[in-house]
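Enquirer: Following the hints, position chain B with the ligands against chain A.
From first to last, the protein sequence lines are chains A and B. Residues 171 to 424 (the working numbering) make up the first sequence, in order. Residues 171 to 424 (the working numbering) make up the second sequence, in order.
Since the hints were made in silico from the structure, they are not lab data. One or more of the hints may lead you astray.
Since the list gives no way to pick one copy over another, a pair counts as held whenever it fits inside one copy or between any two copies.
Cut-off 35 Å, straight-line C-alpha distance, at most; resulting in silico cross-link-like pairs (DSBU-like, lysine-lysine) [to be verified]: (1) K265 - K275; (2) K275 - K205; (3) K265 - K205.
Being a predicted model, the structure only gives us computed values, none of them experimental.
Okay, here's what each chain looks like letter by letter:
2 protein chains.
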Amino acid sequence: MPELEFLGTGDAGQVPRWGCDCGACQRARLDPARKRRPCSAALHTEEGTTLIDAGCTDLAERFAFDDIRRVLLTHFHMDHVQGLFHLRWGQCRSKIPVYRPDDPKGADDLYRHPGVFEFQPPCPAFERQQFPGFNLTPLPLLHSRPTQGLLIETPRTRLAWLTDTLGLPRVTQDFLQQQPRLDWLVLDCSEPPRQTPPRNHNDLTRALHTHHLLTPGRTLLTHIGHEFDDWLESDRGDLPATVSIARDGLRISL
Amino acid sequence: MPELEFLGTGDAGQVPRWGCDCGACQRARLDPARKRRPCSAALHTEEGTTLIDAGCTDLAERFAFDDIRRVLLTHFHMDHVQGLFHLRWGQCRSKIPVYRPDDPKGADDLYRHPGVFEFQPPCPAFERQQFPGFNLTPLPLLHSRPTQGLLIETPRTRLAWLTDTLGLPRVTQDFLQQQPRLDWLVLDCSEPPRQTPPRNHNDLTRALHTHHLLTPGRTLLTHIGHEFDDWLESDRGDLPATVSIARDGLRISL
Ligand SMILES: [Mn+2]
Ligand SMILES: [Mn+2]
Ligand SMILES: [Mn+2]
Ligand SMILES: [Mn+2]
Ligand SMILES: [Zn+2]
Ligand SMILES: [Zn+2]
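Only chain A is shown next, with the shape it has when bound in the complex (with noise of 0.2 Å):
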């Protein structure tokens, strides 16, 4: 059965935050079950492993080569995108196609030299990509780049993995609203509840809202900053029964 690995459910700072003593930060260093890395994931399936996203710096020394099938970009923001610098470089016996949002900038140097990586053509919003063992529909986010949600389909699950965002474009919210009940929303909640929201990401109260107009099976929250994190060791109780925060390590069948 298809499985989701949360590679990393952590913010651009990840927690530990480099200097931090606040209480979360304290917490991660002392276990590293606490520890939050850059948002991300794996989906195994029986073909292989697809990334979702690659913010992770050590991905060469936990996935094979011959394993990875593909990556999935949510945008290029280098917390999402900057494990790919090292792994570009690997011994090419055949490419690894990357589908990405429409971003004509990219990261860096990675579409100039892009070594193992084989760029795809930006797929349309909306528009059902099939691969084995799954499908891929690309959902336009509202961030500070050109940023898509992923809808994957297995033959008995449907999961958004939304991030990074701050609510849901309109067409977004409607294209969910009209098809069957998402199991499970993968959403960005990168703050504790604020007066303003925090530009790009959703707080703890606009993550909610969210998952009240899609109603999903299941909510997971992740792309989790350390002030949130050390939020949720108080207060945690007022979250709705189907909400969960994720954490590095979960590991979900789909």
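Expert: Frame of chain A; chain B with the ligands shown alone:
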């Protein structure tokens, strides 16, 4: 006494290279002491630590925020700066100055979002700057981007860190030949002897040519690719007595 710690001695692909089964890469997978991470170092003095390049991506785990006094960058290729993308979001009590070559592009969005780092105005070539415990003089190199070598002088020792480069510009060669002899030369040697030199890097032939021009007390070859590493396994007997191969974790007293 000041000490220079080699954090990495590999080329951009590192050793082992992802997916490679050459002898060097196999040995490095079996024996962590043979790994070669991105070419970089930490200069430890009484004052604290000065980073020389920042291609390693675990710097936040290896160095306390308060211990890092500054970063010296040779150039803005990703294998020399990728570690800064996470560090920059550190919890900022004071800024960390970054000394860099005159490269208006930098790397990705580092200049626009420097976080804890404070990029200093480029220092003119051959102009000596004083820091607690050592002096620094930038030396122009020959590479595909603006790149500066680093002449580091402590009260007892003179060391030149020359990566990445193919040979030396005439002005740098003349400057070093007119100065007192170097105690240590740390030199780009990415590849085994080649009929035509690699682009932008030394092969062993060109590295030894520079060694003979400068006649330092000792030369340490670094920025080593897996093919050179594999070649060394059989042929290293041919190196001059004052030339050695750097390895990750090596420490030398300055
Ligand atoms: Mn992000
Ligand atoms: Mn982002
Ligand atoms: Mn390099
Ligand atoms: Mn370079
Ligand atoms: Zn913190
Ligand atoms: Zn190899």
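Enquirer: The structure should be examined with respect to each hint, and the outcome stated for every one.
Expert: How the hints compare with the structure:
no. : hint        : in the structure
1   : K265 - K275 : both (21 Å within a copy, 29 Å between copies)
2   : K275 - K205 : both (31 Å within a copy, 33 Å between copies)
3   : K265 - K205 : both (32 Å within a copy, 25 Å between copies)
Hint check: no violations occur; every hint is consistent with the structure.
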